[in-house]
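Undergrad: Here are the chains, one letter per residue:
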Amino acid sequence: MPEPFSTVTSRVISIPRANIDTDQICPARFLKITDKANLADALFFDWRFTPDGARRVPPSFIDEPHNAGRQIFLVGDNFGSGSSREHAPWALRAWGVRAIFSTSFADIFKGNALKNALLPIVVTPERHAALTALLAADPDGEWTVNLESQKVTLPGGDSFDFEIDLFARTMILAGTDEIGYVLSQLPAIEAWEAAHPARVETREGAAAK
Amino acid sequence: MAERPRTLVEKIWDAHVVSSEPGAPSILAIDLHLVHEVTSPQAFTGLRERGAKVRKPGQTVATADHSIPTTDPSLPITDELARKQLVQIEENCREFGIPFHGKDCPTRGIVHVIGPELGLTQPGMTIVCGDSHTATHGAFGALAFGIGTSEIEMVLATQTLLQRKPKTFRVQIDGRLHPSVGAKDIILALIARIGVGGGTGHVFEFTGDAIRALSMEERMTVCNMSIEGGARAGLVAPDETTFAYLKGRKFAPQGAAWDEAVARWRKLPTEEGATYDKSIVIDGDKLEPMVTYGTNPGMGIGVTGRIPSAADVEPGDREELERALAYMGLEAGKSIAGQKLDVVFIGSCTNGRIEDMRAAASVLKGHHVAPGLRVLVVPGSQQVKKQAETEGLDSVFRAAGAEWRESGCSMCIAMNGDQLEPGQYGISTSNRNFQGRQGKGGRTFLASPLTAAASAITGVVTDPRTVTATPAVEAH
Ligand code: SF4
Numbered sequence: 012m013p014e015p016f017s018t019v020t021s022r023v024i025s026i027p028r029a030n031i032d033t034d035q036i037c038p039a040r041f042l043k044i045t046d047k048a049n050l051a052d053a054l055f056f057d058w059r060f061t062p063d064g065a066r067r068v069p070p071s072f073i074d075e076p077h078n079a080g081r082q083i084f085l086v087g088d089n090f091g092s093g094s095s096r097e098h099a100p101w102a103l104r105a106w107g108v109r110a111i112f113s114t115s116f117a118d119i120f121k122g123n124a125l126k127n128a129l130l131p132i133v134v135t136p137e138r139h140a141a142l143t144a145l146l147a148a149d150p151d152g153e154w155t156v157n158l159e160s161q162k163v164t165l166p167g168g169d170s171f172d173f174e175i176d177l178f179a180r181t182m183i184l185a186g187t188d189e190i191g192y193v194l195s196q197l198p199a200i201e202a203w204e205a206a207h208p209a210r211v212e213t214r215e216g217a218a219a220k
Numbered sequence: 028m029a030e031r032p033r034t035l036v037e038k039i040w041d042a043h044v045v046s047s048e049p050g051a052p053s054i055l056a057i058d059l060h061l062v063h064e065v066t067s068p069q070a071f072t073g074l075r076e077r078g079a080k081v082r083k084p085g086q087t088v089a090t091a092d093h094s095i096p097t098t099d100p101s102l103p104i105t106d107e108l109a110r111k112q113l114v115q116i117e118e119n120c121r122e123f124g125i126p127f128h129g130k131d132c133p134t135r136g137i138v139h140v141i142g143p144e145l146g147l148t149q150p151g152m153t154i155v156c157g158d159s160h161t162a163t164h165g166a167f168g169a170l171a172f173g174i175g176t177s178e179i180e181m182v183l184a185t186q187t188l189l190q191r192k193p194k195t196f197r198v199q200i201d202g203r204l205h206p207s208v209g210a211k212d213i214i215l216a217l218i219a220r221i222g223v224g225g226g227t228g229h230v231f232e233f234t235g236d237a238i239r240a241l242s243m244e245e246r247m248t249v250c251n252m253s254i255e256g257g258a259r260a261g262l263v264a265p266d267e268t269t270f271a272y273l274k275g276r277k278f279a280p281q282g283a284a285w286d287e288a289v290a291r292w293r294k295l296p297t298e299e300g301a302t303y304d305k306s307i308v309i310d311g312d313k314l315e316p317m318v319t320y321g322t323n324p325g326m327g328i329g330v331t332g333r334i335p336s337a338a339d340v341e342p343g344d345r346e347e348l349e350r351a352l353a354y355m356g357l358e359a360g361k362s363i364a365g366q367k368l369d370v371v372f373i374g375s376c377t378n379g380r381i382e383d384m385r386a387a388a389s390v391l392k393g394h395h396v397a398p399g400l401r402v403l404v405v406p407g408s409q410q411v412k413k414q415a416e417t418e419g420l421d422s423v424f425r426a427a428g429a430e431w432r433e434s435g436c437s438m439c440i441a442m443n444g445d446q447l448e449p450g451q452y453g454i455s456t457s458n459r460n461f462q463g464r465q466g467k468g469g470r471t472f473l474a475s476p477l478t479a480a481a482s483a484i485t486g487v488v489t490d491p492r493t494v495t496a497t498p499a500v501e502a503h
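Each protein sequence line maps, in turn, to chains R and G. The opening position of the first sequence corresponds to residue 12 in the numbering used here, with each subsequent residue numbered one higher. The opening position of the second sequence corresponds to residue 28 in the numbering used here, with each subsequent residue numbered one higher.
It should be emphasised that the hints constitute simulated quantities derived from the structure, not laboratory data. Incorrect hints may have been included.
Stated by the list, open to error - With beta-carbon atoms standing in for the labels, derived distance ranges:
1) R:140 x G:359: 19 to 29 Å
2) G:242 x R:79: 36 to 46 Å
3) G:417 x R:140: 38 to 48 Å
4) G:50 x R:148: 37 to 47 Å
5) G:419 x R:133: 51 to 61 Å
Stated by the list, open to error - Below, in silico cross-link-like pairs of lysine to any residue (SDA-like), each with a Cα-Cα straight-line distance of 25 Å or less:
6) G:80 x R:199
7) G:277 x G:433
8) G:80 x R:107
9) G:313 x G:403
10) G:277 x G:51
11) G:38 x R:197
12) G:277 x R:212
13) G:192 x G:51
14) G:305 x G:52
15) G:294 x R:208
16) R:47 x G:444
17) G:38 x R:211
The structure presented is a predicted model; accordingly, all values stated were derived computationally and were not measured. The beta carbon of each residue, even a glycine, is placed where N, CA and C say it ideally should be.
Bound-form chain R, shown alone (with noise of 0.2 Å):
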């Protein structure tokens, strides 16, 4: 069950691509596992190891030991597109991610993310441009965010709001269960199915109505 969640304090690491995929955030190859431990690794692999399985040399920006322990991302356009996997969000939980900044996500991702308490935050070009100046003059500055109050603060006390799917908002703060949520109006669900009878019957033998 979910925790609930409001606020996070870390330094940023910046990734200045667009299109960053969900192959890239989690190779297909760790989809073989059958739980969610250990993703953490899985995170950006082929960019943090060679063909061989060597560690690159220099080493990826995600090994690089200052960026150990941060908490904030700062990403390119359409973050997340490609698969459906959720395993591309629990990589980035796994490593410790709870806050993305990006101009836009990719659409399963963003509700993904949402459904994991990692937070997709959407910005204008302008703003993604000042953040990444900002970054770059000051790459250990702390950033917060804040969910509750929607509420970015910058190192040196400037502030900027954010809008968030505020259904998602509400169910994170509180650490709600979304299918507790849902099964607890099933007599308006279980009135729709008995207005609209099933489409389809997937089983052999047992004939749909």
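Given chain R, put chain G with the ligand in place with the hints provided.
TA: Showing chain G with the ligand alone in chain R's frame:
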């Protein structure tokens, strides 16, 4: 009272909203839930932890496709993790009462191939699967989209999803295609035009004469790659082609129920005067066979084109282009045709259906693949495999020096041992050319079955219009 004219998508949406509270996403009823071995295990674990059942096992169906080997099925599976995943899907289905089209089942195959093939996919439905290419089923005029594992658990437990109404994006393809230009070229051309994020937040509705003229299988190819343009779903309104495809299929309605269903389906198409949030018109007459040169599906050009250089793209895209060309080991300004290949892959949920097999065979018949080239032909399902063998296509492939395999996702995702080696070049009829997608360090050119087969003969990227096709089978 006159109602506002609605689009196909709006009609399906409206017909499935169970409840919507202000501020919250709607609860959307799901008609059909497709399940495969890779994205579902953690959802079943979640169900078990909450002591829940699968609410509607009769609206759920599972198969094994991603990590299953495409080699001799009697051999043991040597990849321990893959083997465990395949055992687990079977156990999960047994425990929760879900029909499973497993390893030895003649109806097994890639989830997006078997849904339509079995007649499970029908117009007007809401269909979901833990797989982004669920968009494929939109070819029937169904609202079909990929979901994550948390949502799989939601659908298993409730047969609904929390959703916000998507925006609509009309993609109109006018005119008539050249005979060597097909569905794959349409979708690659669209994505090259709008970019891989162009459809984000929207669902496509494909319209226009060139779309109407497509067969169901070709429509599936187009809809399949909607996600590569950023759209979660892509739909084609149902018509006589749709009904003719479905009639008599195993799980399609029969008898009086069929007539009733067709009458219902005829009311689905978008009404005159309905509006879309976005739209684009593409002239089908002008389309060429397409090939990608880069590391996302939007990096595509006509097969007679040249690999772009920095000057050809927006300043903001230059770095990405350079990175892509460095990974691909390609030189800006060179022709894409003539680039050398190590592997040809014909298969996947994009182009692994019987018509794709026929198209590839029509080109390969009477030819031999280039020396040193590895050519894999992987049917999308066991039924496609059987049909192809009945038509003698397997002999055409074998005689040409290609490998004819069992069905599965295979080298589309390289989870089952079929993969490119680091640095190798492959031309592939699948849908993604991301770095490492077809094997660590592998380099992918995406193309149609005709283009891939023509390239198999020459060993380099080849314009299919330069190779004459012969009908692979005398009659079918
Ligand atoms: S064939 Fe490829 S894209 Fe299609 S379901 Fe399998 S892995 Fe996914």
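Undergrad: Each of the hints needs a verdict: does it hold here or not?
TA: Hints, one by one, checked against the model:
Checked against the hint of 19 to 29 Å, the C-beta distance between residue 140 of chain R and residue 359 of chain G comes to roughly 27 Å, which is consistent with it. Checked against the given bound of 36 to 46 Å, the beta carbons of residue 242 of chain G and residue 79 of chain R, roughly 54 Å apart, lie outside it. At about 60 Å, the beta-carbon gap between residue 417 of chain G and residue 140 of chain R misses the expected band of 38 to 48 Å. At about 39 Å, the beta-carbon gap between residue 50 of chain G and residue 148 of chain R stays in the expected band of 37 to 47 Å.
Under the hint 51 to 61 Å, the C-beta atoms of residue 419 of chain G and residue 133 of chain R, about 54 Å apart, fit the expected range. A threshold of 25 Å between alpha carbons decides the hint, and for residue 80 of chain G with residue 199 of chain R the separation of about 18 Å falls inside it, so the pair holds. A threshold of 25 Å between alpha carbons decides the hint, and for residue 277 of chain G with residue 433 of chain G the separation of about 22 Å falls inside it, so the pair holds. For the given pair, residue 80 of chain G sits about 32 Å from residue 107 of chain R by alpha-carbon distance, which is inconsistent with the 25 Å threshold.
For the hint linking residue 313 of chain G to residue 403 of chain G, the alpha-carbon distance of about 31 Å lies beyond 25 Å, and the restraint is violated. A distance of roughly 38 Å separates the Cα atoms of residue 277 of chain G and residue 51 of chain G; the hinted pair therefore is violated under the 25 Å criterion. Annotation: proposed proximity of residue 38 of chain G to residue 197 of chain R holds, straight-line Cα distance about 24 Å (limit 25 Å). Distance restraint check for residue 277 of chain G and residue 212 of chain R: the Cα-Cα separation of roughly 11 Å lies within the 25 Å cut-off, and the hinted pair is therefore satisfied.
For the hint linking residue 192 of chain G to residue 51 of chain G, the alpha-carbon distance of about 11 Å falls within 25 Å, and the restraint holds. With a C-alpha separation of about 22 Å, the suggested pair residue 305 of chain G and residue 52 of chain G falls inside the 25 Å cut-off, and the hint holds. Of the supplied pair hints, the one linking residue 294 of chain G and residue 208 of chain R holds, its CA atoms being roughly 18 Å apart against a limit of 25 Å. The straight-line distance between the Cα atoms of residue 47 of chain R and residue 444 of chain G is roughly 23 Å, inside the 25 Å bound, and the hint therefore holds.
Proximity of residue 38 of chain G to residue 211 of chain R is assessed by CA-CA distance (about 19 Å); at most 25 Å being required, the pair is judged to hold.
In the structure shown, a violation is registered for the earlier hints numbered 2, 3, 8, 9 and 10, in ascending order.
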